[in-house]
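**Student:** These are the residues of each chain, in order.
Number of protein chains: 2
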Amino acid sequence: MSRRITKPVYLGKQKVGGTAPISVQSMTKTDTRDIKSTVNQIKELEEYGCEIIRCAVPDMEAAKALKEIKKSINIPLVADIHFHHELALESIRSGVDCLRLNPGNIRDSQKVKEVVTLAKERDIPIRIGVNFGSLPPVGQIGQTRSASRGKDGVNLLPKSSKIDSNSYTAVDHMVDTALWEIGILESLDFEQIKISLKAFEVDTTIEAYRRLAKLVPYPFHLGITESGTAKSGSIRSAIGLGILLYEGIGDTIRVSLSDDSKEEIITGYEILKSLNLRTKGTTLVACPSCGRADINVTKLANMVDEALKLVDKNIKVAVMGCEVNGPGEAKDADIGIAGGVGKAIIFKKGVKSRVVDESEMFEALIEEINNLEVEESNV
Amino acid sequence: MSRRITKPVYLGKQKVGGTAPISVQSMTKTDTRDIKSTVNQIKELEEYGCEIIRCAVPDMEAAKALKEIKKSINIPLVADIHFHHELALESIRSGVDCLRLNPGNIRDSQKVKEVVTLAKERDIPIRIGVNFGSLPPVGQIGQTRSASRGKDGVNLLPKSSKIDSNSYTAVDHMVDTALWEIGILESLDFEQIKISLKAFEVDTTIEAYRRLAKLVPYPFHLGITESGTAKSGSIRSAIGLGILLYEGIGDTIRVSLSDDSKEEIITGYEILKSLNLRTKGTTLVACPSCGRADINVTKLANMVDEALKLVDKNIKVAVMGCEVNGPGEAKDADIGIAGGVGKAIIFKKGVKSRVVDESEMFEALIEEINNLEVEESNV
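Those protein sequences? They're chains A and B, same order as listed.
Going by my numbering, the first residue of the first sequence is number 157, and it counts up by one from there.
Going by my numbering, the first residue of the second sequence is number 157, and it counts up by one from there.
Some hints here could point you the wrong way.
Each pair may be met inside one copy or between any two copies, as identical chains are not told apart.
[Stated by the list, open to error] Here are the computed lysine to aspartate or glutamate pairs in the DMTMM-like style, where the Cα-Cα straight-line distance is at most 20 angstroms:
{"id": "1", "residue 1": "Lys-469", "residue 2": "Glu-529"}
{"id": "2", "residue 1": "Lys-267", "residue 2": "Glu-203"}
{"id": "3", "residue 1": "Lys-171", "residue 2": "Glu-347"}
{"id": "4", "residue 1": "Lys-455", "residue 2": "Asp-187"}
{"id": "5", "residue 1": "Lys-276", "residue 2": "Asp-450"}
{"id": "6", "residue 1": "Lys-469", "residue 2": "Asp-488"}
{"id": "7", "residue 1": "Lys-499", "residue 2": "Glu-523"}
{"id": "8", "residue 1": "Lys-455", "residue 2": "Asp-416"}
{"id": "9", "residue 1": "Lys-505", "residue 2": "Glu-357"}
{"id": "10", "residue 1": "Lys-472", "residue 2": "Asp-359"}
{"id": "11", "residue 1": "Lys-169", "residue 2": "Glu-277"}
{"id": "12", "residue 1": "Lys-472", "residue 2": "Asp-416"}
{"id": "13", "residue 1": "Lys-418", "residue 2": "Glu-403"}
{"id": "14", "residue 1": "Lys-418", "residue 2": "Asp-187"}
{"id": "15", "residue 1": "Lys-418", "residue 2": "Glu-200"}
{"id": "16", "residue 1": "Lys-472", "residue 2": "Glu-529"}
{"id": "17", "residue 1": "Lys-276", "residue 2": "Glu-462"}
{"id": "18", "residue 1": "Lys-504", "residue 2": "Glu-524"}
Since the hints were made in silico from the structure, they are not lab data.
Sequences are here, hints too, so could you generate the full structure?
**Tutor:** This is the structure we're talking about:
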């Protein structure tokens, strides 16, 4: 699993791409014009480890509000722009650290140039966000990416016979759109680019990223669009992002969920932790329980999970139902508990350390976790 | 994504492997000797679509209880056996449809032969369940799989120099264990085999399955062990199982969660649905909401998700925050709703069909879903 080599961009101090740890980001769900609510939401997300935050910019009032918001938060701010170049300009003036903007959406090349010129001046990157649901018509995709940057665009579009045929797939359409949008920025000598290629379908998303990964050096923002609620959406996102990340593709991730934004952050870290790409707080090893269990594993595991949500120790905690498999199954854990009849054994690094009554096992485990001396690192 | 070709086995009428749909299974969390609770749990799981159920068999009373349990349920029953061959024999006599048993655990070859002979007589398969946490010591792994089945075992173990060295990995150990266990059954001319290779670490699990996939023709039962609570465990399982399934590896899955077994089933189907490997009930497309949303998407999406949990219509439902992106983003959906200011638009297959007040949008959407005429198929 060697990581794809990308040309890093910087959102303030936050590096994305290159050798930077894969960052976890989200988007606010408040009305951006409501500065107080937006700032509160961002502050809460920071607590959960959010590293980049994006706000929708539907109008000029929102673009101006970003100035106050930016002052009150500690993580880089991205302005999400559609169609209107003046909202992009105002957002940059408000001090945002990045734009999410598809230049092809703006149409007028002079307006695109104005935005790019100001972004260059302020030294901020632009994310091109290609979404399956809002692709431009194939006929509208113009000159695509020049093989030699900044020169006249070479039309890399498939021949029209191919476009008309059924063999022109959603993946073709997404990748061609991305190349076209990238080409517009490159033709203006702008290369501080991040790219996303999101679809609801996992396979479409994966194939699009895989293909573009071979064609451009820019970092990728991974996501599955409209993926659903906390339950179904996190599973769909975990599969889509997980497959790409396991192949070394992806530099920053956003899990889109119809739920609290903090669920997006928690899920994002769970995905990265599952692949050992980040360590962030505790990792819980918990047996599913079965007819052999001597204690209520489910209850204990969920209590421990909840209690450790904001504990910033990078440790592996094991909650196991029976004494037989407990120590063996969790031998890699920093600390673990295995149920016995009416009692439980606490072990450290697979070695038995203490026997406690079933009634006090939760408190004892938490006590032992709090006593553990470990690095409090985020990366 | 072409599926790995495997030699199917049958658990009663339930085919696993070959061209059979990938099945979703679980394990009871009740005391198997408590027949009533166990049956109740299985009946509930059947409602959620569980296709195979396994029960722990810690003692003879549990083995005997399987007889009554089997009579009261509609899905194949698997007996989970460790160490004691007499529990395997009694479980077979109780009428189970499959054993989960590692012959290497039983040690005595005569006892293994007794079990295999009875399994053959009753025509039931055996799943070999290799778990990272309970691997036999490398030195204990004996003769491994014969290249020519049923002949004297050929020792395929890596040379001891390799075993002693650090280059002998967890994956080597898991795959060698599986080959050894398989070899024991094959040497008794038994080939109705299913295999699992579970670890907590996603990469260990994936690499073990990938490697064994090239060496044996038997169907795979996929799982990640001790994966955690409903939240973290479902993400870890989704990534591990998702990566393998996307490569065409896997014939039946079990998501191990420290939670209600029905969560395991729901998660299992969500994984398969995300990869379009099964259709089962509704698939929800829901936007994450942002500063552009005109309605409370999160609330509506979760209400819809809950309401549709047991609806057995294979449809895609979209819940979108704003009128601008709504129809576009969800154009593949069978039915969708997109928020506007104080109202919402219901659309079918991307075409606007009805405008409703915000206050009645949930009821209206459910009404439209109930009116939809679709196939009620499970596969």
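**Student:** State for each hint whether it applies.
**Tutor:** Quick rundown of the hints versus the structure:
1. Taking the shortest alpha-carbon separations for Lys-469 and Glu-529, only the intra-copy value of 9 angstroms comes in at or below 20 angstroms, while the best inter-copy value is 52 angstroms.
2. In this homomeric assembly, Lys-267 and Glu-203 never come within 20 angstroms of each other (Cα to Cα): the closest approach is 38 angstroms inside a single copy and 58 angstroms across copies.
3. In this assembly of identical chains, Lys-171 and Glu-347 lie within 20 angstroms of each other by CA distance solely inside one copy; the values are 15 angstroms within and 54 angstroms between copies.
4. Proximity of Lys-455 to Asp-187 under the C-alpha cut-off of 20 angstroms is restricted to the inter-copy arrangement: shortest distance 16 angstroms between copies versus 38 angstroms within a copy.
5. Taking the closest pair of Cα atoms, Lys-276 and Asp-450 never come within 20 angstroms of each other, the shortest separation being 63 angstroms inside a single copy and 34 angstroms across copies.
6. Taking the shortest Cα distances, Lys-469 and Asp-488 sit within 20 angstroms of each other inside one copy (16 angstroms), while across copies they are farther apart (44 angstroms).
7. Taking the shortest alpha-carbon separations for Lys-499 and Glu-523, only the intra-copy value of 17 angstroms comes in at or below 20 angstroms, while the best inter-copy value is 52 angstroms.
8. Within a single copy, Lys-455 and Asp-416 get their C-alpha atoms only as close as 24 angstroms, which misses the 20 angstroms cut-off; across copies the closest is 10 angstroms, which meets it.
9. In this assembly of identical chains, Lys-505 and Glu-357 lie within 20 angstroms of each other by CA distance solely across copies; the values are 16 angstroms between and 41 angstroms within a copy.
10. For a Cα distance limit of 20 angstroms, the shortest separation of Lys-472 from Asp-359 across copies, 17 angstroms, qualifies, whereas the shortest one inside one copy, 32 angstroms, does not.
11. Taking identical chains as interchangeable, the C-alpha atoms of Lys-169 and Glu-277 lie at most 20 angstroms apart only when both belong to the same chain, with a minimum of 17 angstroms there against 69 angstroms between chains.
12. Taking identical chains as interchangeable, the C-alpha atoms of Lys-472 and Asp-416 are never at most 20 angstroms apart, the minima being 26 angstroms within one chain and 23 angstroms between chains.
13. When the C-alpha separation of Lys-418 and Glu-403 is checked against a cutoff of 20 angstroms, the pair qualifies neither within a copy, at 26 angstroms, nor between copies, at 32 angstroms.
14. When the C-alpha separation of Lys-418 and Asp-187 is checked against a cutoff of 20 angstroms, the pair qualifies only within one copy, where the shortest distance is 17 angstroms, while the shortest distance between copies is 37 angstroms.
15. Only within a single protomer do Lys-418 and Glu-200 lie at most 20 angstroms apart by alpha-carbon distance; the minimum there is 8 angstroms, versus 32 angstroms between protomers.
16. Taking the shortest Cα distances, Lys-472 and Glu-529 sit within 20 angstroms of each other inside one copy (13 angstroms), while across copies they are farther apart (49 angstroms).
17. Taking CA atoms no more than 20 angstroms apart as the test, Lys-276 paired with Glu-462 passes in neither setting, with 45 angstroms inside one copy and 48 angstroms between copies.
18. Taking the closest pair of Cα atoms, Lys-504 and Glu-524 come within 20 angstroms of each other only inside a single copy of the chain (9 angstroms); across copies the shortest separation is 56 angstroms, beyond that limit.
This entry does not satisfy hints 2, 5, 12, 13 and 17, going by the numbered hints stated previously.
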